[in-house]
Amino acid sequence: MVEEVQKHSVHTLVFRSLKRTHDMFVADNAKPVVLDERSHKVKMAVKLRTEYGSVLHMPVLKECVREKGSHGIVESYGHKQYLQNPGEDNDYLITGTHPYPPGPGVALTADTKIQRMPSESASQSLAVALPPSQSKIESNRTAASVGDIYRHAGISERSQPPGLTMALMETGGNKNSVLMTKKAPTMPKPQWHPPWKLYRVISGHLGWVRCIAVEPGNQWFVTGSADRTIKIWDLASGKLKLSLTGHISTVRGVIVSARSPYLFSCGEDKQVKCWDLEYNKVIRHYHGHLSAVYGLDLHPTIDVLVTCSRDSTARIWDVRTKASVHTLSGHTNAVATVKCQAAEPQIITGSHDTTIRLWDLVAGKTRVTLTNHKKSVRAVVLHPRQYTFASGSPDNIKQWKFPDGNFIQNLSGHSAIINTLAVNSDGVLVSGADNGTMHLWDWRTGYNFQRVHAAVQPGSLDSESGIFACGFDQSESRLLTAEADKTIKVYKEDDSATEETHPVSWKPEIIKRKRF
Numbered sequence: 001m002v003e004e005v006q007k008h009s010v011h012t013l014v015f016r017s018l019k020r021t022h023d024m025f026v027a028d029n030a031k032p033v034v035l036d037e038r039s040h041k042v043k044m045a046v047k048l049r050t051e052y053g054s055v056l057h058m059p060v061l062k063e064c065v066r067e068k069g070s071h072g073i074v075e076s077y078g079h080k081q082y083l084q085n086p087g088e089d090n091d092y093l094i095t096g097t098h099p100y101p102p103g104p105g106v107a108l109t110a111d112t113k114i115q116r117m118p119s120e121s122a123s124q125s126l127a128v129a130l131p132p133s134q135s136k137i138e139s140n141r142t143a144a145s146v147g148d149i150y151r152h153a154g155i156s157e158r159s160q161p162p163g164l165t166m167a168l169m170e171t172g173g174n175k176n177s178v179l180m181t182k183k184a185p186t187m188p189k190p191q192w193h194p195p196w197k198l199y200r201v202i203s204g205h206l207g208w209v210r211c212i213a214v215e216p217g218n219q220w221f222v223t224g225s226a227d228r229t230i231k232i233w234d235l236a237s238g239k240l241k242l243s244l245t246g247h248i249s250t251v252r253g254v255i256v257s258a259r260s261p262y263l264f265s266c267g268e269d270k271q272v273k274c275w276d277l278e279y280n281k282v283i284r285h286y287h288g289h290l291s292a293v294y295g296l297d298l299h300p301t302i303d304v305l306v307t308c309s310r311d312s313t314a315r316i317w318d319v320r321t322k323a324s325v326h327t328l329s330g331h332t333n334a335v336a337t338v339k340c341q342a343a344e345p346q347i348i349t350g351s352h353d354t355t356i357r358l359w360d361l362v363a364g365k366t367r368v369t370l371t372n373h374k375k376s377v378r379a380v381v382l383h384p385r386q387y388t389f390a391s392g393s394p395d396n397i398k399q400w401k402f403p404d405g406n407f408i409q410n411l412s413g414h415s416a417i418i419n420t421l422a423v424n425s426d427g428v429l430v431s432g433a434d435n436g437t438m439h440l441w442d443w444r445t446g447y448n449f450q451r452v453h454a455a456v457q458p459g460s461l462d463s464e465s466g467i468f469a470c471g472f473d474q475s476e477s478r479l480l481t482a483e484a485d486k487t488i489k490v491y492k493e494d495d496s497a498t499e500e501t502h503p504v505s506w507k508p509e510i511i512k513r514k515r516f
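Going left to right, the sequence shown walks through residues 1 to 516 as UniProt numbering numbers them.
Warning: the hint list may mix true and false statements.
[To be verified] Cross-link-like lysine to aspartate or glutamate pairs, in silico, EDC-like; alpha carbons within 20 Å at most:
no., residue 1, residue 2
1, K401, D360
2, K241, D426
3, K339, E499
4, K375, D360
5, K189, D360
6, K401, E476
7, K197, E500
8, K374, D360
9, K239, E215
10, K374, D353
11, K270, E215
12, K492, E476
13, K19, E37
14, K189, D404
15, K322, D269
16, K281, D227
17, K270, E344
18, K401, D434
19, K197, E499
20, K197, D395
21, K270, D311
22, K374, D318
23, K365, D318
24, K339, D360
FYI, nobody ran anything at the bench for these hints, they're computed from the structure. Source: prediction; values computed, not measured.
Take these sequences, add in the hints, and give me the full structure.
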């Protein structure tokens, strides 16, 4: 027999639903329901001990324990245990994994002895409670940071409270953690640099001027050209002093030694020559490359010459014995540029295979391969003061940090085949391209403060405006460029320019993120 369903009136159903709704939301609209204080305390105590038991108490400095007259300090460098005053509950045993820094500390009062879950407000309250005169000193002497306690408890650092950054500072040999609020990324304001202007054009070569180098005494400079000659020019007057013939094809690289009266040159005839500048003749040949030699550089402290070639290798030569010390193989296309430095890594190469390699000179092997570029790397330059370098490619100019080649930032905007880079001590980076454009950048911020496109020499085609090489003289007051219109152009800073006449067009709302 089916049980009959009780029928209710609409009035009953409506008011029953109304009453249930009222009971459910009474706390939102009427007087809040009074909670049992004792049961709430028990609930919170259980929750604190189960979830945050390992990080419940903040560590006490050793000096504070001594001031209270406690003799219950157990020391062992594996773990340090700090017991409270005799007679206190052993629940307040505090353990740490490393010794605390010396100096007067901040004693925890009765209000701050039991710490709840470390939050942003709780962790900052200790710093706020200090007198203004001691706040800077005591912030460096915090017994342990929230991050240290989390690591000791076996909890990952990612579960730290949001909005806090752990800044590790080295002070007096001890590693102290200081809590700092996280700052929003901002673009630093670029340093003001005076613009550069063209003040001299030197002609004399009969072909593209492919390379340029200034001698260490800053009296003259040397250029190599597609007319197969090497010419030496007076730097002050721009007059031709000497022409050297001997290469049978385009001269692609020249450099003057600071350790001996030698000039080194290389060319597309596969030859590497050493010229004695006292006799103006070739005294050594370095044989071994199988194709055109595109660049060369001298090591600053030892008598070693490094050359790079279209045969995908770079070679290290002993300057005096002409012996090939190492053949640096690993690139899969022509090696376009090579640079040397005294510090590790001592050799840096850029190649048409889009990679940059940092080499170990002693072992003759690659230490790091940088694959960030998407197009061929034709230029590399080392900063004269910082332990950084830049590389030029049609996609971007990129800045890197030694010794591991950590990426710093991109310098975008020079959309052309970049053949050459130069940088001076003031942080002016110059990039020269195939289309005759030259961009000047602030090294630190990557701000492009000037763009130059000089007119070609009369009689040359407009297409013959490429810049193949550039460099600063030893005083860094003049910039020399070797160009496709068969000329050498000399630039200098505009002395009449000021920050008012040539202001920095800086847009701080554009955020550039550097990677360190």
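Practice item. Compare the structure with the hints numbered earlier in the document and write down the numbers of the violated ones, lowest to highest. Key: 2, 3, 4, 5, 6, 8, 11, 13, 14, 17, 18, 20, 22
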